[in-house]
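Undergrad: One-letter residues, chain by chain:
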Amino acid sequence: KAGVTQTPRYLIKTRGQQVTLSCSPISGHRSVSWYQQTPGQGLQFLFEYFSETQRNKGNFPGRFSGRQFSNSRSEMNVSTLELGDSALYLCASSLATANYGYTFGSGTRLTVV
Amino acid sequence: DQQVKQNSPSLSVQEGRISILNCDYTNSMFDYFLWYKKYPAEGPTFLISISSIKDKNEDGRFTVFLNKSAKHLSLHIVPSQPGDSAVYFCAAGGYQKVTFGTGTKLQVIP
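Protein chains in written order, with this note's numbering: chain A, 1 to 113; chain B, 1001 to 1110.
Okay, chain B solo, but in the shape it has when bound (with noise of 0.2 Å):
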């Protein structure tokens, strides 16, 4: 029971342009959600978060936007960087547990 979905496994995208990372879920108790990044050979590590109670958090380049009535929630990256490339899970948590996505990997070319 797959209850957060990234259903793009790979996104390829040319520097200087937006990426977007798509992520759905199927739990409506979920309260909040965070994305990650992971390059290869290290743990992944903390991009941004989002409770469910808004509908969109930025942190420089980086912007959550969640719509709860589609249990849909996105990442935006601009403008993107070569150095952004990597894999990218989205996750939702609740309750003390915390359910990843199986990631996008994320390329962009220079």
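So that you can see chain A by itself, here it is in the shape it has in the complex (with noise of 0.2 Å):
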């Protein structure tokens, strides 16, 4: 079956400028979240999305936000970029709970510029 598609996988932007980022979770899941990595930070918690409505948020300022459509695609938004928001964001997916593990998908390396 088809893993946990993220797009694009890489992005380059000016700060100021606002990005989306696109995520396709396995087929039957339910469940979307979004980490950001950065080096000596590991992964950090954005939020995650259960049928269409937001479960759970991380500590991230109100430039992040998401959402999840009714085939489970989500996408997360980050307006005026900042020079710091360069990393790498991660899209998982599970059925309902993390319990047994997430999926990722392959991330999308973002730069800001």
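Quick caveat, the hints were computed from the structure, so don't treat them as lab data.
All C-beta atoms in this analysis are idealised placements derived from N, C-alpha and C, irrespective of residue type, glycine included.
Some hints here could point you the wrong way.
[Claimed, not checked] Here are the simulated BS3-like cross-link-like pairs (lysine-lysine), alpha carbons at most 27 Å apart as the crow flies:
| hint | chain 1 | residue 1 | chain 2 | residue 2 |
| --- | --- | --- | --- | --- |
| 1 | B | K1005 | A | K57 |
| 2 | B | K1071 | A | K57 |
| 3 | B | K1105 | B | K1037 |
| 4 | B | K1005 | B | K1071 |
| 5 | B | K1037 | B | K1054 |
| 6 | B | K1005 | B | K1037 |
| 7 | B | K1056 | B | K1071 |
| 8 | B | K1105 | B | K1068 |
| 9 | A | K57 | B | K1097 |
| 10 | B | K1037 | B | K1071 |
| 11 | B | K1056 | A | K57 |
[To be verified] Some chain A residues flagged as far from chain B (calculated, every beta-carbon gap over 10 Å):
| hint | residue |
| --- | --- |
| 12 | T7 |
| 13 | P8 |
| 14 | T14 |
| 15 | T20 |
| 16 | S33 |
| 17 | G40 |
| 18 | F60 |
| 19 | F69 |
| 20 | N71 |
| 21 | E75 |
| 22 | L81 |
| 23 | A87 |
| 24 | S106 |
| 25 | V113 |
[Claimed, not checked] Chain A residues, not near chain B, derived (Cβ > 12 Å throughout):
| hint | residue |
| --- | --- |
| 26 | Q17 |
| 27 | F64 |
| 28 | N77 |
Combine the two chains into a complex, taking the hints into account.
TA: This is the structure we're talking about:
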């Protein structure tokens, strides 16, 4: 079966712009979580969506937002980009909870210049 | 507030020997723990998990040990193989939220 698909793989944006990243979970998975990975910080939890509702949220500013569609596909948006937003953004899906492990996508590498 | 800590950023082990990766956590409300492996340019891959009601879980060459009183878990890889060279993340979960550590880069030397 197809894995978690994230698009685009690479993105270069200018400070102050906004960006939208996309994630298509494994078919049948209803939970989608987003993580930011930066060197030395590990994976920082952004938010989780389940059945189109945000179920949990990490400690990121309001510039970071997301949504989930009825087909479980999810998008995350970052507005007013800052240099510090440069990171690998990972999407992970699971059936309902993460007890038995997420399946991660390959990530979107965002570079803000 | 780093609730899940991996204090060793890197570890080198000879092929065939045991690799032991360690992880400490602070929140006693976590009710399951997981280990992930990550190769460059790929997303993390789930390896093994353990419920808080157990103290050991084994899957092939991988064994995870949980010491709840010490709030410590470890991943043992026996025997270590060059293909195990990757970054390993431990994670702790509770109520739909999973918190990851900062990772340990394992290098298995042939």
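Undergrad: Tell me the numbers of any earlier hints that the structure contravenes, in ascending order.
TA: Those not satisfied are hints 11, 16, 17, 24.
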